[in-house]
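Novice: Take a look at the letters that make up each chain.
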Amino acid sequence: ETGVTQSPTHLIKTRGQQVTLRCSSQSGHNTVSWYQQALGQGPQFIFQYYREEENGRGNFPPRFSGLQFPNYSSELNVNALELDDSALYLCASSARGPYNEQFFGPGTRLTVL
Amino acid sequence: QQQVKQSPQSLIVQKGGIPIINCAYENTAFDYFPWYQQFPGKGPALLIAIRPDVSEKKEGRFTISFNKSAKQFSLHIMDSQPGDSATYFCAARRAAGNKLTFGGGTRVLVKP
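Residue numbers (this note's numbering), protein chains in the order written: chain P, 1 to 113; chain W, 1001 to 1112.
Since the hints were made in silico from the structure, they are not lab data. Glycine is no exception: its CB is placed at the ideal position from the N, C-alpha and C atoms. Don't take each hint at face value.
Said to hold, decoys possible - One-sided and incomplete, this derived list gives chain W residues near chain P with beta-carbon spacing under 8 angstroms:
#	residue
1	G1043
2	K1058
3	N1098
Claimed, not checked - Derived CB-CB ranges, DEER-like:
#	chain 1	residue 1	chain 2	residue 2	range
4	P	I12	W	P1008	31 to 37 angstroms
5	P	R57	W	Q1009	27 to 33 angstroms
6	P	S7	W	S1069	44 to 50 angstroms
7	P	R15	W	M1078	44 to 50 angstroms
8	W	K1058	P	P61	41 to 47 angstroms
9	P	L39	W	G1083	20 to 26 angstroms
Just need the whole structure built from these sequences, with the hints factored in.
Specialist: Structure below.
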């Protein structure tokens, strides 16, 4: 069974640029959630995708957007990067259901200069 | 609005000691409470989870105690080992959605 994978591992961008982060969900999982984890803090929910549609969103501006593909992999796009966007971005996949565990990937460390 | 408050921020214990981490929540719609362990450079990994109809759950050396009336829950790590040194997060989720709301984390250091 292949776990959740994310790419790239690390990324450095400058303010105002755009970035795309990628996530491959665990085999058999059809739901992908994205979280932002600032240094020294707990993860914050960005949004979730199910059947290629956004299925819930946290308190993040529209410049954070996403996609889910037919194979359930997902992308997180962030436009007009700000310094405060520097964080670890985590992807979690799960099977559909109220108590199904979310399995997290190792994350992508984004640094905005 | 911080819906899940976690304390302490950091904890140091000797090997064999019992670190205790506490969390409090506000939203009574939460009905699933997992704990995650995170090592540096890794994503969070589920340790143990509890539902509010149970007051205690044990899995190996990890125990969750749950007090529904006080809206509080805690993690105990029995016979702690240096390999348990990590950051621990409590979280809460509503069954109707899949969004996890995390606490701020507790960095635990177990000294040999």
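Novice: Does each hint hold? Answer for all of them.
Specialist: The hints, checked one at a time:
{"no.": "1", "hint": "G1043", "in the structure": "holds, 3 angstroms"}
{"no.": "2", "hint": "K1058", "in the structure": "violated, 18 angstroms"}
{"no.": "3", "hint": "N1098", "in the structure": "holds, 6 angstroms"}
{"no.": "4", "hint": "I12(P) with P1008(W): 31 to 37 angstroms", "in the structure": "holds, 33 angstroms"}
{"no.": "5", "hint": "R57(P) with Q1009(W): 27 to 33 angstroms", "in the structure": "holds, 29 angstroms"}
{"no.": "6", "hint": "S7(P) with S1069(W): 44 to 50 angstroms", "in the structure": "holds, 46 angstroms"}
{"no.": "7", "hint": "R15(P) with M1078(W): 44 to 50 angstroms", "in the structure": "holds, 47 angstroms"}
{"no.": "8", "hint": "K1058(W) with P61(P): 41 to 47 angstroms", "in the structure": "holds, 42 angstroms"}
{"no.": "9", "hint": "L39(P) with G1083(W): 20 to 26 angstroms", "in the structure": "holds, 24 angstroms"}
Hint 2 alone, counting from the list given before, is not met by this structure.
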